[in-house]
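Q: Construct all of the structure, not just a fragment, from the sequences and the given hints.
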Amino acid sequence: QKEVEQNSGPLSVPEGAIASLNCTYSDRVSQSFFWYRQYSGKSPELIMSIYSNGDKEDGRFTAQLNKASQYVSLLIRDSQPSDSATYLCAVKRGGGADGLTFGKGTHLIIQP
Amino acid sequence: SQTIHQWPATLVQPVGSPLSLECTVEGTSNPNLYWYRQAAGRGLQLLFYSVGIGQISSEVPQNLSASRPQDRQFILSSKKLLLSDSGFYLCAGQPDSLNSPLHFGNGTRLTVT
Chain A
1 QKEVEQNSGP
11 LSVPEGAIAS
21 LNCTYSDRVS
31 QSFFWYRQYS
41 GKSPELIMSI
51 YSNGDKEDGR
61 FTAQLNKASQ
71 YVSLLIRDSQ
81 PSDSATYLCA
91 VKRGGGADGL
101 TFGKGTHLII
111 QP
Chain B
113 SQTIHQWPAT
123 LVQPVGSPLS
133 LECTVEGTSN
143 PNLYWYRQAA
153 GRGLQLLFYS
163 VGIGQISSEV
173 PQNLSASRPQ
183 DRQFILSSKK
193 LLLSDSGFYL
203 CAGQPDSLNS
213 PLHFGNGTRL
223 TVT
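From first to last, the protein sequence lines are chains A and B. Mapping the first sequence onto the working numbering, position 102 (from 1) lands on 102, and the numbers just tick up by one. Mapping the second sequence onto the working numbering, position 8 (from 1) lands on 120, and the numbers just tick up by one.
Cβ pair distances, simulated, as ranges:
#, chain 1, residue 1, chain 2, residue 2, range
1, B, 139, A, 42, 13 to 23 Å
2, A, 27, B, 142, 26 to 36 Å
3, A, 14, B, 141, 44 to 54 Å
4, B, 166, A, 68, 39 to 49 Å
5, B, 113, A, 96, 17 to 27 Å
6, A, 9, B, 221, 19 to 29 Å
Derived DMTMM-like pairs (lysine to aspartate or glutamate); straight-line CA-CA distance at most 25 Å:
#, chain 1, residue 1, chain 2, residue 2
7, A, 67, A, 5
8, A, 104, A, 57
9, A, 42, B, 134
10, A, 42, B, 171
11, A, 104, B, 171
12, A, 56, A, 3
13, A, 104, A, 5
14, A, 42, A, 78
15, A, 42, B, 138
16, A, 67, A, 27
17, A, 56, A, 27
18, A, 42, A, 58
19, A, 42, B, 197
20, B, 191, B, 134
21, A, 104, B, 197
22, A, 67, A, 3
23, B, 192, B, 171
24, A, 67, A, 98
These are computed hints drawn from the structure, not numbers from a lab. We treat Cβ as the ideally placed atom computed from N, Cα and C, and that holds for glycine.
A: Here it is as structure tokens:
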């Protein structure tokens, strides 16, 4: 059973602080990992991809991957009210074309 | 770059009526295409995927079906809608390698009454 687990939140963070979002996955053969942001009533939009262990930075966003612990995280620095959204963690096993497995998402609220 | 078009944006249908949702892709050829559903309070559920014309794989048995009559067209259908079919339907495409991310269309919010 492929599973991706996230804390549903809400996670409340003051404006300007660092928001930390976490995700665990159960399938050890997973190879590709993604973070999507979804505003209420909208479709998910890709914000980060990560494929190897370690950190990957893109602007205010840093994705962290630890395959041994089966753990992926997303850090958002200098959080802004516009970052308030649901963040979805997605995992791809690799090899086949059977899409991504998504977590249920963490609802993030940035307090002005 | 790849763009996914979906319509309509919202749809209200009575129980027992048919359904047809269309998704078209711009900017890439021979993409892998996907239909996901997001029900209230639940995660994204993969319904169908397609690696080419006429090739459909079903992830969840239900009263929905999918077809891919052209390379860049993916259709989700039902002969008779159930109340439980209500949800946010999302079409997604994967343009390149099998490890690349999916890109979503704007979605169709379906309410079955």
